[in-house]
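Trainee: Residue-level listing of the chains:
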Amino acid sequence: MLASLWQQLSDSPVPIDSVDLAWAGLAPVMILIGGALLILAVDSLVPRRLRPGSYALATVLLAAGAMVAAVPLWQRVQDAERGPFATAAGAIMVDGFSVFATFVILSAVILAALSFDGWLRREEMDGAEPYVLMLLSASGGVMMASANDLIVMFLGLEILSIAVYVLAAMHLRKITSQEAGVKYFVLGAFSSAFFLYGIALIYGGTGSTNLVRIATYLSATVLGDSGLVLAGLALLLVGFGFKVAAAPFHFWAPDVYQGAPTPSVAWMASGVKVAGFAGLLRVFYLAFSTYRLDWQPVIFVLAVLTMLVGSVLAVVQTDVKRMLAYSSINHAGFILVAVQAATAAGVQAALFYLAAYTFMVAGSFGVIAVVSRKGDIGTSLDDYRGLSRDRPVVAFAFALLLLAQAGVPLTSGFFAKFYVITAAIEAGSSTLAIIAMITAVISSYVYLRIIVAMYGAGDDVPAPRTIPLPAAAGLALVISLTVTMSVGVFPGTLASLAERATPVLIPESDPGAVDPSGVPPGP
Amino acid sequence: MSDFLRDYLTVGIFGLTGVALVGLLLGLGSLLRPTRPQPQKYINYESGVDPVGTGWGQSNVRYYIFALLFVMFDVEAVFIFPFATRVDAYGWFGLIEMGIFIVVLALGLLYAWKKKVLRWV
Numbered sequence: 001m002l003a004s005l006w007q008q009l010s011d012s013p014v015p016i017d018s019v020d021l022a023w024a025g026l027a028p029v030m031i032l033i034g035g036a037l038l039i040l041a042v043d044s045l046v047p048r049r050l051r052p053g054s055y056a057l058a059t060v061l062l063a064a065g066a067m068v069a070a071v072p073l074w075q076r077v078q079d080a081e082r083g084p085f086a087t088a089a090g091a092i093m094v095d096g097f098s099v100f101a102t103f104v105i106l107s108a109v110i111l112a113a114l115s116f117d118g119w120l121r122r123e124e125m126d127g128a129e130p131y132v133l134m135l136l137s138a139s140g141g142v143m144m145a146s147a148n149d150l151i152v153m154f155l156g157l158e159i160l161s162i163a164v165y166v167l168a169a170m171h172l173r174k175i176t177s178q179e180a181g182v183k184y185f186v187l188g189a190f191s192s193a194f195f196l197y198g199i200a201l202i203y204g205g206t207g208s209t210n211l212v213r214i215a216t217y218l219s220a221t222v223l224g225d226s227g228l229v230l231a232g233l234a235l236l237l238v239g240f241g242f243k244v245a246a247a248p249f250h251f252w253a254p255d256v257y258q259g260a261p262t263p264s265v266a267w268m269a270s271g272v273k274v275a276g277f278a279g280l281l282r283v284f285y286l287a288f289s290t291y292r293l294d295w296q297p298v299i300f301v302l303a304v305l306t307m308l309v310g311s312v313l314a315v316v317q318t319d320v321k322r323m324l325a326y327s328s329i330n331h332a333g334f335i336l337v338a339v340q341a342a343t344a345a346g347v348q349a350a351l352f353y354l355a356a357y358t359f360m361v362a363g364s365f366g367v368i369a370v371v372s373r374k375g376d377i378g379t380s381l382d383d384y385r386g387l388s389r390d391r392p393v394v395a396f397a398f399a400l401l402l403l404a405q406a407g408v409p410l411t412s413g414f415f416a417k418f419y420v421i422t423a424a425i426e427a428g429s430s431t432l433a434i435i436a437m438i439t440a441v442i443s444s445y446v447y448l449r450i451i452v453a454m455y456g457a458g459d460d461v462p463a464p465r466t467i468p469l470p471a472a473a474g475l476a477l478v479i480s481l482t483v484t485m486s487v488g489v490f491p492g493t494l495a496s497l498a499e500r501a502t503p504v505l506i507p508e509s510d511p512g513a514v515d516p517s518g519v520p521p522g523p
Numbered sequence: 001m002s003d004f005l006r007d008y009l010t011v012g013i014f015g016l017t018g019v020a021l022v023g024l025l026l027g028l029g030s031l032l033r034p035t036r037p038q039p040q041k042y043i044n045y046e047s048g049v050d051p052v053g054t055g056w057g058q059s060n061v062r063y064y065i066f067a068l069l070f071v072m073f074d075v076e077a078v079f080i081f082p083f084a085t086r087v088d089a090y091g092w093f094g095l096i097e098m099g100i101f102i103v104v105l106a107l108g109l110l111y112a113w114k115k116k117v118l119r120w121v
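In order, the protein sequences belong to chains A and B. First residue of the first sequence: 1, per our numbering; consecutive thereafter. First residue of the second sequence: 1, per our numbering; consecutive thereafter.
Mixed in with the good hints there might be a few duds.
Stated by the list, open to error - Pair ranges (Cβ atoms, derived):
no., chain 1, residue 1, chain 2, residue 2, range
1, B, Phe-81, A, Tyr-197, 37 to 47 angstroms
2, A, Phe-396, B, Leu-68, 44 to 54 angstroms
3, A, Ala-231, B, Ser-30, 36 to 46 angstroms
Simulated from the structure, these hints should not be mistaken for lab results. Backbone N, C-alpha and C define an ideal beta-carbon position, used for all residues, glycine too.
Isolated chain A (complex conformation):
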């Protein structure tokens, strides 16, 4: 029987035209997925528990390894002769944009993993699962950022989201964590359905799900009835808007951020948002640039709503996690301002903002994870009173990160907001720029409120308590603070990287033919 199988396998009558895969281009995703499966296998096969922290270390090493694998990609796409390239039958695009987003997502993985380590030990939940889920989720994020086909983007979105739903519901003994998981899952599944229906309508309107073919089709054809495409675009926007928590699709964010385990929130607010915006920019800015005049006003309204909701509702919160949830909605509004500009400067500003924001927000939630007590409680504003006395270094770091989020000069937040507003004014939407600046002032009240609580003296300061600072969490704090401050003083490096991270559309090459960009087909 085996011999006949061998025979059958060896002389296959129909040659399968397998797709050319440039494995180097997929290396970051492969490292993340393979690493996650490896960690899962080790966790299942090793009879004893590993030393605490080994999984966190493995996750950080894997993310760093994926970054190392992305460095040659960056050099390749920046090289004038070789340039960006499409692979997997034009479904995956490796360009400056996708590599930049990959770096930012991987940084978020490292920061969240460092924050997870001490948190999991405090909650007595140490295990491989959170790290596996985060690595898988990150692989989905990278896939989304480099998707050149709406179906691949949907796959990335689902891989990203499903892992995050579990991460939100991970704290088994905490009812609010379960609630957060269910809420996020139900609403997320709903938004995925919207997204998928949008893809279907766009396929109906343009005859393809490939972004390049959609763009070529739309630029060559004037549709008599563009209702289908516009409806599809609107549905896609709902899907993206949900993922990045843009108003009016933001309702899940405060509840989920408050209930979910804090290190999961660090990942949710940084990595997931980066992936969502990367997908949004790729679809709207690149593939549907011919429909710019149709979607720009919609994004305009979304941006205004998101910034207002994020800043005004944050003011009335008393829980620090909810405050930062609303502030992250406000940040999403700022990035939408950059998206609305629909210019190269806008994309650059959005990428700069995302990179700066990732370190600020992951660092801030890292602080919240440290300050909270066992059971993931103690996140109300009152718990932060007297922090400057109990843990002066942590309080100082938190204050700096909050000031960066407010956009104070000499921090990365200032330049992030500066580039966004410049891009908006250059694109002729000064109204939006003015609203953005006003909401920045409103939301700075929130950050100042936390800082005042930490540094304030008076009768309502509770008795001193010891706040343990795990080494890994401290390292995460140092990394995020270093990046935030150094980008704030020398923004040029990051800005020039973001400037060179342009998304491109390259028509897919014929199988076997030489790529128009001069890239030989994959090895």
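Given the coordinates of chain A, assemble chain B onto it according to the supplied hints.
Mentor: Relative to chain A, chain B alone:
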């Protein structure tokens, strides 16, 4: 009206006819049939046996894990059977692909096994 919308007009007419037909038959039935209400007639129909418990009865949450594992094998079968009928066509490429697929799913089973999901408590 464009051709495109005209195509959908057919769908609309078809849908309306369907709704009208159901309404007509149900209405006609309620006019013609005799009405003799009995309490037994209002019990939920459960394939002939009397229903046990209420509609809000809860089932053990552990069953969802079995459901999950079932889906795992189910999906595996959906892909393996069509592949098996055309092994010769796919050759080594197909065998390796299928191997990767099965290994990834087997990892899930291994994990469930080690986490003592398969043990009946």
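Trainee: Please list, smallest to largest, the hint numbers that this structure does not respect.
Mentor: Per hint list: single violation, 1.
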